[in-house]
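Residue numbering for the sequence shown follows our numbering, starting at 1 and increasing by one per position.
Errors might be hidden in some of the hints.
[Claimed, not checked] The list that follows gives simulated cross-link-like pairs (lysine-lysine, DSS-like), each with its CA atoms no further than 27 Å apart:
# : residue 1 : residue 2
1 : Lys33     : Lys14
2 : Lys115    : Lys4
3 : Lys38     : Lys14
Simulated from the structure, these hints should not be mistaken for laboratory data.
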Amino acid sequence: MQRKIVFATGNAGKVKEVQAILADLGMEVLTMKEAGIKIDIEENGSTYEENALIKARAVAACTDAIVMADDSGLEIDYLGGEPGVFSARYMGEDTSYRIKNNHLIQRLAGVPDEKRTARFVCAIAAVLPNGEELTTRGIVEGLIGYEEAGENGFGYDPIFYLPEFGRTTAQLSAEEKNQISHRGRALELMKEQLRARG
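Full structure from sequences and hints, please.
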């Protein structure tokens, strides 16, 4: 099997996570930029899996490596599952996560702990050189905190509180986060599928 994986993202924080989780596959994990692929991809799917496949297929057309892509989001039950599949584009793509996070905290003002339930969902899609397509999904349950906390992680991590750890995902070490994160879980499942194919 091809020994290279191109991960369809420009997000440096995400690539670090992915490289750490996939390290034991013994494959080189490259960003699109490192692979010399410059394309704009419009994510217009209605599910995480659809968006991940849109990205993976677009990049796979430019390389003979294994291509992986993810789409992930934060689903807040009290807000009817928002921001969900629109998490990255919520309040506009160029809006900082500090603004997004504070906006969500304000929308939950006065909402008690038991109604602040939320989850991170991640779908991973892979397109293999033979055209085969694989998808996996990982989920981690938690609560929305009352303020941002933690400097690790990125995106919505500072407001996503894990009761069993007593911390947000932005307060976990990279190793802790990779073991329990939605992306980590989806990538572990994907590793099993790739290993099964030799």
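Going down the list of hints, with the structure as the test:
1. Proximity of lysine 33 to lysine 14 is assessed by CA-CA distance (about 14 Å); at most 27 Å being required, the pair is judged to hold.
2. At most 27 Å may separate the alpha-carbon atoms for a hinted pair to count; lysine 115 and lysine 4 exceed this at roughly 44 Å.
3. Proposed proximity of lysine 38 and lysine 14 is supported: the alpha carbons are some 18 Å apart, at most 27 Å.
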